[in-house]
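Undergrad: Assemble chains B, C and D onto chain A, guided by the hints.
4 protein chains.
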Amino acid sequence: MTKKKVVLAYSGGLDTSVAVQWLTDQGYAVIACCLDVGEGKNLKEIQEKAIKVGAVNSYVIDAKEEFANEYALLALQAHAYYEDKYPLVSALSRPLISKKLVEVAEKEGATAVAHGCTGKGNDQVRFEVAIKALNPSLEVIAPVREWAWSREEEIEYAKEKNIPIPINLDSPYSIDQNLWGRSNECGILEDPWATPPEGAYGLTAALEDTPNTPEIIEIDFEKGVPVSINGEKYKLSDLIIHLNDIAGKHGIGRIDHVENRLVGIKSREVYECPGAITLLKAHKELEDITLIKDIAHFKPVVAKKLTELIYEGLWFSPLRNALEAFLKDTQQYVNGTVRVKLFKGHAIVEGRKSPNSLYNEKLATYTAEDAFDQSAAVGFIKLWGLPTEVHSMIHRKESVKK
Amino acid sequence: MTKKKVVLAYSGGLDTSVAVQWLTDQGYAVIACCLDVGEGKNLKEIQEKAIKVGAVNSYVIDAKEEFANEYALLALQAHAYYEDKYPLVSALSRPLISKKLVEVAEKEGATAVAHGCTGKGNDQVRFEVAIKALNPSLEVIAPVREWAWSREEEIEYAKEKNIPIPINLDSPYSIDQNLWGRSNECGILEDPWATPPEGAYGLTAALEDTPNTPEIIEIDFEKGVPVSINGEKYKLSDLIIHLNDIAGKHGIGRIDHVENRLVGIKSREVYECPGAITLLKAHKELEDITLIKDIAHFKPVVAKKLTELIYEGLWFSPLRNALEAFLKDTQQYVNGTVRVKLFKGHAIVEGRKSPNSLYNEKLATYTAEDAFDQSAAVGFIKLWGLPTEVHSMIHRKESVKK
Amino acid sequence: MTKKKVVLAYSGGLDTSVAVQWLTDQGYAVIACCLDVGEGKNLKEIQEKAIKVGAVNSYVIDAKEEFANEYALLALQAHAYYEDKYPLVSALSRPLISKKLVEVAEKEGATAVAHGCTGKGNDQVRFEVAIKALNPSLEVIAPVREWAWSREEEIEYAKEKNIPIPINLDSPYSIDQNLWGRSNECGILEDPWATPPEGAYGLTAALEDTPNTPEIIEIDFEKGVPVSINGEKYKLSDLIIHLNDIAGKHGIGRIDHVENRLVGIKSREVYECPGAITLLKAHKELEDITLIKDIAHFKPVVAKKLTELIYEGLWFSPLRNALEAFLKDTQQYVNGTVRVKLFKGHAIVEGRKSPNSLYNEKLATYTAEDAFDQSAAVGFIKLWGLPTEVHSMIHRKESVKK
Amino acid sequence: MTKKKVVLAYSGGLDTSVAVQWLTDQGYAVIACCLDVGEGKNLKEIQEKAIKVGAVNSYVIDAKEEFANEYALLALQAHAYYEDKYPLVSALSRPLISKKLVEVAEKEGATAVAHGCTGKGNDQVRFEVAIKALNPSLEVIAPVREWAWSREEEIEYAKEKNIPIPINLDSPYSIDQNLWGRSNECGILEDPWATPPEGAYGLTAALEDTPNTPEIIEIDFEKGVPVSINGEKYKLSDLIIHLNDIAGKHGIGRIDHVENRLVGIKSREVYECPGAITLLKAHKELEDITLIKDIAHFKPVVAKKLTELIYEGLWFSPLRNALEAFLKDTQQYVNGTVRVKLFKGHAIVEGRKSPNSLYNEKLATYTAEDAFDQSAAVGFIKLWGLPTEVHSMIHRKESVKK
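For the record, the sequence lines run as chains A, B, C and D. The opening position of the first sequence corresponds to residue 1 in the UniProt record's numbering, with each subsequent residue numbered one higher. The opening position of the second sequence corresponds to residue 1 in the UniProt record's numbering, with each subsequent residue numbered one higher. The opening position of the third sequence corresponds to residue 1 in the UniProt record's numbering, with each subsequent residue numbered one higher. The opening position of the fourth sequence corresponds to residue 1 in the UniProt record's numbering, with each subsequent residue numbered one higher.
It is worth saying that the hints were derived from the structure and are not from the lab. Please read these numbers as outputs of a predicted model, since none were measured by experiment. One should not assume that every hint holds.
Note that the list lumps identical chains together, so a pair holds whenever it fits in one copy or between two copies.
For lysine-lysine, the following DSSO-like pairs were computed, each having C-alpha atoms within a straight-line distance of at most 27 angstroms [what the hints assert, rightly or not]:
1) Lys52 / Lys4
2) Lys107 / Lys5
3) Lys299 / Lys281
4) Lys362 / Lys85
5) Lys328 / Lys353
6) Lys5 / Lys52
This is chain A alone, in the form it adopts within the complex (with noise of 0.2 angstroms):
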């Protein structure tokens, strides 16, 4: 009789290579599967070692582009920051490396999808919630969740089970990183009072060892999207790691939040995108010279939804597309140059312009060459100031004098 299969999201690390065992011992066929969606990981070694701890497949995915192109990238457009903090690292690879789970397991014929994640983060909602919403015939299962070891339990099983124990073991840190930044948990992190160490730091440069000359780079945007650092041209994936790097040279990007959880409790997490928060400051002055006064201003309604949804593990509601298309339709506009000094941790605009500016220095200026007509306001103050003038006629006492 064939063993029931299933395809696990496997990173190479401790809890996976466990959870290979766990699932073989649950009567389980293990399919590894690990997708590089930004963090630079050794994706042959990783393929590698699932084989060596107990996979009967192992599959590894390249998936920097795809990650850039349909999920960093509205997280830009839609200026998508949670609690308007942190913006959206873990949350946005996660329904794509589930859809690559499921991808792979129906085309193993597996029934069951698994991931590495505890019972009390974010992650495993948005992997389950995910999975059944692209396949719900397929069983999800969460080892770590099951299983419920302490971290001594757990080795000594590796142990027993010849599995390898990582040297870094020790690390307080709990990591996730991709394209659009790193975070990290745990350890001295849960004492919200405490400073973040810069040992929590990967990515970027303390501000006081950063460079004390600046950098001036130049980012065009065609349909709000990022194509060509001072004039040259990337593919996106390719152009965020270039600023990931010179940004993060500069100590771009860090970010220290107590945020809500969806499960119902608060967590201290640090977070470094130095590309992402170059590119979403850029993107929001371009916005500012290109979109008219109604879009701007309705636009942070449809991404606070966005976001939340995104955060929350509901990437793939029917709902994410029509915030989608309402976020695609505005960015049609978004077209032009912006100049940012890359200096002590600031990505600093100090110039933007674009072929379709709705910013007029004709009608804005206040030298001669005025085109705005002084006079028509008279008549729109009265009319805009209406209401109130009217409300006072009616409820004044000692509006004034209160």
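TA: Just chains B, C and D, lined up with the frame of chain A:
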């Protein structure tokens, strides 16, 4: 026969000095009224100058503490950034100035109030709507908008009337300042591609000139009000002034913004808000640990409305009172201390603590102390993802493949 | 040794009567607690029945007026319709019942609270979240969800324990009722294509059976509270009961709704809210003349959040207090009289008047009395349309032709 | 020398007939342009009359189907009720009329466009903003607003110019009508306490005169578009006209509204929208079974914005396109049939079914067929209520007692 009286918002500058004479020419007895809302004016000098240029009476009012407590504080608690960038500097002082003008007008039996705004900015709207809301029977006059003179014509008139011409008349900028910050427009700033020159700034050091040593401060909040710095109590206006000083030295709070004015045009402005930005960051972080998720996620909706209302000159709409009632109710929880590192243009919150903190280390931790029931996640995820799962069962055909 | 005490929300029906015994079997001393929130219960009978089926103590509480003033009134002032249809009938009573259960538990020194909900409705969430919010140390038990019996098994157990079986046990419906309305689900209603049979309704006449003569009533409001009908004062609970009676006769307030439950499924329910709908219509019309446009346009945003919060069982979230602070601030203006024609299922507002009316006939009229300055419109339109005009100047190519 | 040409929105009534002459007096060659958007005009007669009163050319355009498909349909799919009451009757036709005027102006080489609105309504704003958005180089003229005559002066002028005076000139009302409904203001309606007299209505029967037998119809929708009634296909304009007829007989769709105009005043209007209301109710019910909760709860936010945008004359803002992109994306699911009972002023949806229905009887039922996993609720509730539970643990002192 007695002349009709007008109360003029008097700044001591050329425009309003000329306005004293121009209004006198129109047959008014002019009562000058000058407020200090934190820009550091010499009120005595201005009071005398008003009389010198023809006012029949001259009021000066130190409104700093009232401005801090009733206007700036609300902006702080609302995290009020217009278009996610501008912390409402001038928009906050206009209603207070209007209120004082109306009070003086009622006391003096004046029939009109006058302000020195042109016809293309937001401030004319703010003044006129506020005045009409406070006392609909008062006439509002905008001399600068009405006379519509060129700079040369205005100087001609001033000379003829013996009005002293300021020496810095050739400054290209148009500046407004109060406790909450400084705004600057005009001149080279009208080109949104041009980097603002250092001369455009007045409250903050250039990053290049900031100290190489950070300054770390602790700010205590009581019910959302900052009450002390490093343990030393301040009244609110002094606290903000003090922060403007120390944060300004570190180059904090420069903002370069192309914004959508209420009167239908885009304009580019440069703001400096060292104290405001420092407080806004600290206050947000304290909210992050003290506000329940429900409030944390809905408060921005209320705050956005309040911000737009204030920007658009509707401070005295009764909607502001209702929005304020919401906000004040949330602030009862915002007690505690925030540690901020001032360095190289950044106000970095490194730690936050509160007797009301909802951050629960026992629930958040990944150590053996964990009090979170991880098994609850299974049922949660099942129901959380049920709608997308059902949607998929009905609609799924090739969702994965597409 | 004393037994642990549990306070059970007791209705007198089969489920909760069985629950008394079942909880006793689990080793609890059961304290029954029954509230009248306007469904017209015979509290004395229920009190005695609880003892008869095994409760050690039995509380009955007339909570009608508290329910009217603190729960139904807020729903009225918020125009709370979940999904624009359902006026929150059961969702409103659950937090009050929870509060009373917790009060009794604290008074009696009970360690647990129990309710009779199943595992697929909203009410289990509302009870349990409310109880935990009021006293996190209390255990919450859901006997019906736990025992998971079929109807037959439950009856078997009841017979065995000498619990009287109600005669109407074969009713296909599941009904809940209070002052604010009556909800009904199950049976034929589970088919959303089927017309609800007349037997599904209990509070309202069929349109076919309503009087052929309309009834015209005048309702007076003070600060948003309905205080009298046709000049006669009522306390709020009596006013609503009275309106349920007269509006019910005219067939007002039937609602047939397929709604999204909190637990992830859609369900079809039939509601009857004759008094509620009449008051909701009248209150809205009074607001239409007394609230300034700013408030009229933003209040629905606050109200929608409040409605969802209540539906979702989060009455005791501090967000409710903040939302309520907003709403109460707006109600100071809602004074006046509304004339309503009750006829053929309609509550038609035919007239509304208020000492605070912002409707200004002088400004609205097209007669010679007109006090509106029509020339102001020219300037207003110019600036109002300026952004779209500028947008067109930049982007127009063939906008008209396309 | 050739005269400048103006294209006038011509209705055939007194105001626009006088405007032909008045514009001719101003030196223009007047091109009349009359649209039928469903009000049942005799276009041929109007075309001739325009020439008779002095137009140099006269266009008539049957725009019913374009109006139905591109304007009314969007309002239907958005459930567009301004201030939760008014289904945007005139607000919908103004942009289409403006578009046709601009097209004619461009074709004829006219330099100006004129409309017959006064200076205190919304329609002047809608026309002028739309025209400027479509072609900023066109001048817009509002003769009625400019001449500012009393009724008597206008008649005097008409007599002098041999313009025929309509016999119904003493009608107290001001009426506008199209496919989507009929609006009426002025006269006795200006008193918001007065019941609208029967004479104010034109499309609907009084409840007292409606049939005593209900009419039950089935409406089929495809992607949110109503396509057939009782199985018979109609093009959209015909379907709406047909529904206006049958629903009008049953007295459906009378609305009496005191609304906030864009120009700062409140006005009282009476609307009749029998077809629109019937379709709006049916469409909403079909969405209730076909849209996922996420969409069902956020679509109203988008729809409210769209509704306000249209009401406020900003149809041609690019924001409308983005909002429309969102809405159209949601309509792919809105397929199915709704059964509506037309009776005594009600359009009662009694049944709804869809091949895309997300209502799952297996999940919703309380019978033995139940497929819902009730045990999942326990974990769900635990995490759903965790924030309020933690909040209570920190803040609870006497929450229950207070």
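Undergrad: It remains to establish, for every hint, whether it holds in the given structure.
TA: Going down the list of hints, with the structure as the test:
Taking the closest pair of Cα atoms, Lys52 and Lys4 come within 27 angstroms of each other only inside a single copy of the chain (20 angstroms); across copies the shortest separation is 56 angstroms, beyond that limit. Only within a single protomer do Lys107 and Lys5 lie at most 27 angstroms apart by alpha-carbon distance; the minimum there is 11 angstroms, versus 56 angstroms between protomers. For a Cα distance limit of 27 angstroms, the shortest separation of Lys299 from Lys281 qualifies both inside one copy, at 16 angstroms, and across copies, at 24 angstroms. Only between protomers do Lys362 and Lys85 lie at most 27 angstroms apart by alpha-carbon distance; the minimum there is 24 angstroms, versus 37 angstroms within a single protomer.
For a Cα distance limit of 27 angstroms, the shortest separation of Lys328 from Lys353 inside one copy, 21 angstroms, qualifies, whereas the shortest one across copies, 33 angstroms, does not. With identical chains, the CA atoms of Lys5 and Lys52 are at most 27 angstroms apart within one copy only, with a shortest distance of 18 angstroms there and 57 angstroms across copies.
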